[in-house]
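K.L.:
Sequence:
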Amino acid sequence: MHWKFKEKPDLSQFGFVYIITNIKTKKAYIGCKQYFNYRKGKKKAESNWKTYMGSSKHLLEDIKKTGKKHFVFEILAEFKNKRSLRYYECYYQMKHNVLTTTLEGTEDEAAYYNNYIGGKFYRPVQELSNHDCFL
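Numbering (the numbering used here), first residue to last: 838 to 972.
Hints in this document: simulated from the structure, not taken from any laboratory.
Keep in mind it's a predicted model, so treat the numbers as computed, not measured.
Where a beta carbon is used, it is the ideal one built from N, C-alpha and C, also for glycine.
Hints are not guaranteed to be accurate.
Each pair of labels, with its calculated beta carbon distance range [to be verified]:
(1) V909 - K880: 30 to 36 Å
(2) T862 - M931: 19 to 25 Å
(3) K932 - K877: 31 to 37 Å
(4) D945 - E844: 38 to 44 Å
(5) K843 - N918: 18 to 24 Å
(6) E944 - E883: 39 to 45 Å
(7) S892 - D847: 44 to 50 Å
(8) L848 - T939: 36 to 42 Å
Below, simulated DSBU-like cross-link-like pairs (lysine-lysine); rule was C-alpha separation at most 30 Å, straight line [claimed, not checked]:
(9) K881 - K919
(10) K902 - K881
(11) K905 - K879
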């Protein structure tokens, strides 16, 4: 298992929010994963969380190209239900400004693989300037 926990995983929780970081480039990805799959009328089954490496196409391409050993897989927090899990995935993504932060020393290189906040595509087409803000 490649996930780093502060303590061992608590499988009584619904799932976790994670960050995967490329240690060579410092580019990262923030997402969430459930411990179990729940299907109506069926028994819950353990998900592929132990081997899961994110849902970003670009992240997965970099892992394949660079090698898994060049990535750190960290659990940020665990949550007891789907609502909390999805909320805090968005919270961490917004807190880290995953759609707009650039890598230090570059102008255009995105610091995060994320193109989504909470599973919805929101990559901005331009930066908001002070004169665009009405507040």
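K.L.:
Evaluate each hint against the coordinates.
P.N.:
Each hint, compared with the structure:
One distance hint, 30 to 36 Å for the beta-carbon pair V909 and K880, holds here, with the actual separation near 34 Å. In this structure the supplied range 19 to 25 Å holds for T862 paired with M931, their Cβ-Cβ distance being about 22 Å. The given range of 31 to 37 Å is respected by K932 and K877, whose C-beta atoms sit roughly 34 Å from each other. For D945 and E844, the hinted distance range of 38 to 44 Å is satisfied, since their beta carbons lie about 39 Å from each other.
For the hinted restraint 18 to 24 Å between K843 and N918, the CB-CB distance of approximately 21 Å keeps it satisfied. Here the CB-CB span from E944 to E883 is close to 44 Å, well matched to the stated 39 to 45 Å. Checked against the hint of 44 to 50 Å, the pair S892 and D847 fails, with Cβ atoms roughly 23 Å apart. For L848 paired with T939, a C-beta distance near 37 Å keeps the hint of 36 to 42 Å intact.
At roughly 14 Å between alpha-carbon atoms, K881 and K919 fall within 30 Å of each other, so this suggested pair holds. Taking the CA atoms of K902 and K881, the gap is about 34 Å. The hint is violated against a cut of 30 Å. With a C-alpha separation of about 34 Å, the suggested pair K905 and K879 falls outside the 30 Å cut-off, and the hint is violated.
Hints 7, 10 and 11, counting from the list given before, are not met by this structure.
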